[in-house]
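Single-letter residue listing:
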Amino acid sequence: MLVFGLAVVLNRNPVASALSLVVCFLGLAALFMSLNAFFVGIIQILVYAGAVMVLFLFIIMLLDLHAEKLRRINWVATAGGLAVAIIFLVQVLSVIGRFEPARQAFPALSASAGDDVRGIGIRLFESYNLPFQIIGVLVLVATIGVVVLSKRELK
Amino acid sequence: MITLGDYLTVSALLFTIGFAGVMLRRNIIIILMCLELMLNAANLSLVAFSRFQVQPDGTSNYDAQVFVFFIITVAAAEVAVGLAIIVALFRARQTTHVEDIATLKF
Numbered sequence: 001m002l003v004f005g006l007a008v009v010l011n012r013n014p015v016a017s018a019l020s021l022v023v024c025f026l027g028l029a030a031l032f033m034s035l036n037a038f039f040v041g042i043i044q045i046l047v048y049a050g051a052v053m054v055l056f057l058f059i060i061m062l063l064d065l066h067a068e069k070l071r072r073i074n075w076v077a078t079a080g081g082l083a084v085a086i087i088f089l090v091q092v093l094s095v096i097g098r099f100e101p102a103r104q105a106f107p108a109l110s111a112s113a114g115d116d117v118r119g120i121g122i123r124l125f126e127s128y129n130l131p132f133q134i135i136g137v138l139v140l141v142a143t144i145g146v147v148v149l150s151k152r153e154l155k
Numbered sequence: 001m002i003t004l005g006d007y008l009t010v011s012a013l014l015f016t017i018g019f020a021g022v023m024l025r026r027n028i029i030i031i032l033m034c035l036e037l038m039l040n041a042a043n044l045s046l047v048a049f050s051r052f053q054v055q056p057d058g059t060s061n062y063d064a065q066v067f068v069f070f071i072i073t074v075a076a077a078e079v080a081v082g083l084a085i086i087v088a089l090f091r092a093r094q095t096t097h098v099e100d101i102a103t104l105k106f
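Top to bottom, those sequences are chains A and B. Residue numbers for the first sequence follow the working numbering, so the first one is 1 and each next one is one higher. Residue numbers for the second sequence follow the working numbering, so the first one is 1 and each next one is one higher.
For reference, chain B alone in the conformation it holds in the complex (with noise of 0.2 Å):
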């Protein structure tokens, strides 16, 4: 019988290979897609949700699934601009490693 903890723990096990990923990787590209991995995460878990909550027509509750259409959209678009803004980093400095990246730092 599958639960809706299961669905709860993969999404947190999705999580943390994002966030390992995130704070582990020197490169940027593969960060972003870590990103990528997190955001996901969150959508299982409100999906897994929506279908726990079952509403009193018998349908799972669309309100979670429509927060999931709009992280997508914002998604897409973060990842269009974050791209770009690392095409035009690399135009200027040729690398994508982070520790090469590192004027601002103090």
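Same shape as in the complex, but just chain A (with noise of 0.2 Å):
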């Protein structure tokens, strides 16, 4: 998951790059899946690998974007750019190391919980109610706001 993931940063064609997502998308869902969320890796699968990367691709293809050419690279910008991401990286992982929890196994699940879609149906309808309908209004919100985006020309 992670060679793929680091494909999509790596690839020179965008549209390499967007299949390279897909199956870091693909592998991310097996990991929820192997915590026990399997409610979330099928979302997962449907809304990112299903949705969202069809909606890339075909822009990707609207576009005609092909590989990008050679350009004079800024080696400033890219090294700086690089020690930023390493310096992120080296403290989330002294962080992980220092963090006591972080070295014990899994606690086991009861066998008679239950499925997670129960749970998580029961939280978002009681105690996220209010949440979930702000959500709705997002959800519409940017459906207008795309609709007006993609019209030709604003009157």
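Simulated from the structure, these hints should not be mistaken for lab results. For glycine and all other residues, C-beta sits at the position ideal for the given N, C-alpha and C. Mixed in with the good hints there might be a few duds.
Just so you have them, the derived chain B footprint on chain A, three or more residues with Cβ under 8 Å [unchecked claim]:
1) 5–11
2) 55–63
A few chain B positions that, by computed beta-carbon distances, are all more than 12 Å from chain A [stated by the list, open to error]:
3) THR9
4) ILE101
5) LEU104
Take the two lone chains and join them into the complex the hints point to.
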């Protein structure tokens, strides 16, 4: 999964990048399912590997992008970006290394726990009902925004 | 034995890959894809913590998974709006290279 994540960044051709991202998301969904989060894994495959990536590929094909031609690389900016990323990684890894619970294995789930879709659904419609409806309004606003942005010209 | 730290390490690596992509790449569509990678790295650590904190009735902590659900929804909306902006930009300028779009740069 991490290899394909790297391929997203390193590929010069946007189509190859997008297809690597699909494989990366599928690997991530497998990790979710290994953590007993089946609902999130399925949503990951349906929404990301399905809808979002089809949208990306559609836009790449629509804009007819080819592999980028080699440009003069700004070495200072590249080195700076890499350095910031590496410093960030070292910091996070040192925090994880000092984090005591990170060395423990996962506690066992009870066998009669029921499925996670039921648990998430109950949380979603009881304690998180207001955020759920706000999210609905947000998606509506995004839909209207996309329609307005995609019109040929604004009158 | 797989520990919580292993999942957190994978999540940190994935986030760093996305972060490096945002910093290094100059194609605006690739930058959007790397943003998705970073959001997914955050989701992975949330789900790992949700599985780690087992509730008294023997289930995972579903609050984190509800939060992941919200993150996925917002990310999908964000991608739709971002791609619409990119299409509008491409119609105006015929480019997706960020260094060609520097009108607001001081």
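Take a quick look at LEU104 (chain B) and tell me if its Cβ sits farther than 12 Å from every Cβ on chain A, holds or violated.
holds, 18 Å
Can you take a look at whether the stretch 5–11 of chain A is actually covered by chain B? Rule is 3+ residues, C-beta closer than 8 Å.
With 4 residues in contact (Cβ-Cβ under 8 Å with chain B), the coverage given for the stretch 5–11 of chain A holds.
Between the stretch 55–63 of chain A and chain B, see if three or more residues pass the 8 Å beta-carbon test, and mark the coverage as holds or violated.
Check passed, 6 qualifying residues.
Nearest-CB test (12 Å) between chain A and THR9 (chain B)
violated, 6 Å
Classify the label on ILE101 (chain B) as holds or violated, using whether its beta-carbon is more than 12 Å from each beta-carbon of chain A.
ILE101 (chain B) is indeed farther than 12 Å from all Cβ atoms of chain A, at 14 Å.
Of the numbered hints given earlier, the model fails hint 3 alone.
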